[in-house]
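> As a plain string of letters, each chain reads:
There are 2 protein chains.
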Amino acid sequence: MSLICKPLFEHESSTFTYLIADSVTKEAAIIDAVDCMIERDIALIEELDLDLKFIIETHIHADHVTSACPLKNKYPNAKIVLGIENTSAEACADIMAGEGHVLPIGKHEITAIETPGHTIGCMSFLVDNKLFTGDSLFIRSTGRCDFQGGSASTLYHSIQKLFALPDSTIVYPGHDYNGFTVSTIGEEKKFNTLVREDYDQETFIKKVGSLDLSLPKKINVAVPANQSCGLISS
Amino acid sequence: MSLICKPLFEHESSTFTYLIADSVTKEAAIIDAVDCMIERDIALIEELDLDLKFIIETHIHADHVTSACPLKNKYPNAKIVLGIENTSAEACADIMAGEGHVLPIGKHEITAIETPGHTIGCMSFLVDNKLFTGDSLFIRSTGRCDFQGGSASTLYHSIQKLFALPDSTIVYPGHDYNGFTVSTIGEEKKFNTLVREDYDQETFIKKVGSLDLSLPKKINVAVPANQSCGLISS
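Just so you know, the sequences run in chain order H and V.
Every number in my numbering is 568 more than the matching position in the first sequence, counting from 1.
Every number in my numbering is 568 more than the matching position in the second sequence, counting from 1.
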């Protein structure tokens, strides 16, 4: 009854994709799959003989294009899942998941948690003690809040919801730029450089506001492509 | 009594470093730490309040310089551990570990397994159901065998030892170049492209011999530096 959990990395955008599955029934979900890695990801799904039920996007990404639509072409029974506030992409989604929406894979339940702030429609997903945080919470950092409806005060409140989970909850982020792969809620509450528990909302807003980041190279291609779930128009 | 296991990645050489620790006693070991990531690694050791007992090298690396000596300067009670056949580096090691040598961290035991072939002194290390394979076994691949005493026939036999472990054993490789992070012995026996269980020794030798790889950029710096455990002579 154990959960298969395969973190997969895409180097150009430093994106983590997660393939998770019930080890008995082989029902599976993939979170934040990247277009250029689709061959690797399909090969792994085939090797592990998985039954892909859900293709989950934590949000409308600005730095890479999702492989959601191409994956659905390959696995037509899989449902594309987006957060409920991503109305710009509603046409390509099968499920618009709101707070508490449950996506079952075998004996395991993937529970949606609305965590807006990096973008307006950002979601996190909890399976057993594993939390997939997308760009809401990184290891020792967080997503930026300066485009696509982002709001540092909103993200601050979203992260407080995640910080209410048990300290032992394992954090799997949507990106990492420093070679980290895994953390815990307990660690992030103590050591996150932007949002640890002894920083108040004003401190967080000031820290996120002073990040001084350039725009993602692919933003003008990625956002519209991801609003159609990675559908390549011919 | 659970084991903390933090896979850490260094992008330039695609090297995995592993920080492992007993969650209760905080006794810890670091496997294949990289010189340029020492600040990240020390920060994590400090944050987690770990008591570093062992600085383990799976082999004399050719593609990056270890931070073993600088780490020992910081944590003088930690022992540098090398495989017993690495006689060229014996002067800087505290423990020359042979087959079955046990390195205790709290309630957990790190057991050395001699797996020569990529280099003459290559080791793997088993902790609970977690196998750290260095460059002996990669995800769907293996280390090359064309320098530092490498031998494909020797590596073939080493990998058969690893394949005798339970299929559920989790494989943590020394490198990955495709964004994989974790596998199992069962998966590698079925799907490794060079050494899966239905390939005989001759097939493996032919496949490894035809890899046609260029030399690592840092080989002329890294090998002598690692023969002194990363000691920078002033």
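Derived from the structure by calculation, the hints contain no laboratory data.
You may find that some hints are simply not true.
One copy or any two copies: either way a pair holds, since identical chains are not told apart in the list.
Said to hold, decoys possible - When the alpha-carbon atoms are kept at most 27 Å apart in a straight line, the in silico DSS-like pairs for lysine-lysine are as follows:
id: 1; residue 1: 757; residue 2: 594
id: 2; residue 1: 729; residue 2: 786
id: 3; residue 1: 640; residue 2: 775
id: 4; residue 1: 786; residue 2: 675
id: 5; residue 1: 774; residue 2: 642
id: 6; residue 1: 786; residue 2: 698
id: 7; residue 1: 594; residue 2: 698
id: 8; residue 1: 775; residue 2: 594
id: 9; residue 1: 758; residue 2: 642
id: 10; residue 1: 647; residue 2: 785
id: 11; residue 1: 785; residue 2: 675
id: 12; residue 1: 594; residue 2: 647
id: 13; residue 1: 698; residue 2: 774
id: 14; residue 1: 698; residue 2: 675
id: 15; residue 1: 774; residue 2: 647
id: 16; residue 1: 594; residue 2: 758
id: 17; residue 1: 774; residue 2: 675
id: 18; residue 1: 775; residue 2: 675
id: 19; residue 1: 785; residue 2: 698
id: 20; residue 1: 640; residue 2: 774
id: 21; residue 1: 642; residue 2: 775
id: 22; residue 1: 786; residue 2: 594
id: 23; residue 1: 594; residue 2: 640
> Could you run down the list of hints and mark each one as holding or not?
Hint check results:
When the C-alpha separation of residue 757 and residue 594 is checked against a cutoff of 27 Å, the pair qualifies only between copies, where the shortest distance is 19 Å, while the shortest distance within a copy is 34 Å. In this assembly of identical chains, residue 729 and residue 786 lie within 27 Å of each other by CA distance neither inside one copy nor across copies; the values are 31 Å within and 46 Å between. Proximity of residue 640 and residue 775 under a CA criterion of 27 Å is satisfied in neither setting, with 39 Å inside one chain copy and 35 Å between copies. Taking the closest pair of Cα atoms, residue 786 and residue 675 never come within 27 Å of each other, the shortest separation being 38 Å inside a single copy and 48 Å across copies.
Taking the shortest alpha-carbon separations for residue 774 and residue 642, neither the intra-copy value of 45 Å nor the inter-copy value of 34 Å comes in at or below 27 Å. When the C-alpha separation of residue 786 and residue 698 is checked against a cutoff of 27 Å, the pair qualifies neither within a copy, at 30 Å, nor between copies, at 38 Å. In this homomeric assembly, residue 594 and residue 698 come within 27 Å of each other (Cα to Cα) both inside a single copy, at 18 Å, and across copies, at 22 Å. Within a single copy, residue 775 and residue 594 get their C-alpha atoms no closer than 43 Å, and across copies no closer than 32 Å, so neither meets the 27 Å cut-off.
In the homo-oligomer, the alpha carbons of residue 758 and residue 642 lie at most 27 Å apart only across protomers (23 Å), although the nearest pairing inside one protomer, at 43 Å, exceeds that limit. In this assembly of identical chains, residue 647 and residue 785 lie within 27 Å of each other by CA distance neither inside one copy nor across copies; the values are 29 Å within and 45 Å between. In this assembly of identical chains, residue 785 and residue 675 lie within 27 Å of each other by CA distance neither inside one copy nor across copies; the values are 40 Å within and 48 Å between. Taking the shortest Cα distances, residue 594 and residue 647 sit within 27 Å of each other inside one copy (16 Å), while across copies they are farther apart (43 Å).
Taking identical chains as interchangeable, the C-alpha atoms of residue 698 and residue 774 are never at most 27 Å apart, the minima being 30 Å within one chain and 42 Å between chains. Proximity of residue 698 to residue 675 under the C-alpha cut-off of 27 Å is found in both arrangements, the shortest distances being 15 Å within a copy and 25 Å between copies. Taking the closest pair of Cα atoms, residue 774 and residue 647 never come within 27 Å of each other, the shortest separation being 39 Å inside a single copy and 43 Å across copies. In this assembly of identical chains, the alpha carbons of residue 594 and residue 758 lie at most 27 Å apart only when taken from different copies (17 Å versus 36 Å within one copy).
When the C-alpha separation of residue 774 and residue 675 is checked against a cutoff of 27 Å, the pair qualifies neither within a copy, at 43 Å, nor between copies, at 44 Å. For a Cα distance limit of 27 Å, the shortest separation of residue 775 from residue 675 qualifies neither inside one copy, at 41 Å, nor across copies, at 41 Å. For a Cα distance limit of 27 Å, the shortest separation of residue 785 from residue 698 qualifies neither inside one copy, at 31 Å, nor across copies, at 38 Å. In this assembly of identical chains, the alpha carbons of residue 640 and residue 774 never lie at most 27 Å apart, being 41 Å within a copy and 38 Å across copies at closest.
Taking identical chains as interchangeable, the C-alpha atoms of residue 642 and residue 775 are never at most 27 Å apart, the minima being 43 Å within one chain and 31 Å between chains. Taking CA atoms no more than 27 Å apart as the test, residue 786 paired with residue 594 passes in neither setting, with 34 Å inside one copy and 43 Å between copies. When the C-alpha separation of residue 594 and residue 640 is checked against a cutoff of 27 Å, the pair qualifies only within one copy, where the shortest distance is 17 Å, while the shortest distance between copies is 45 Å.
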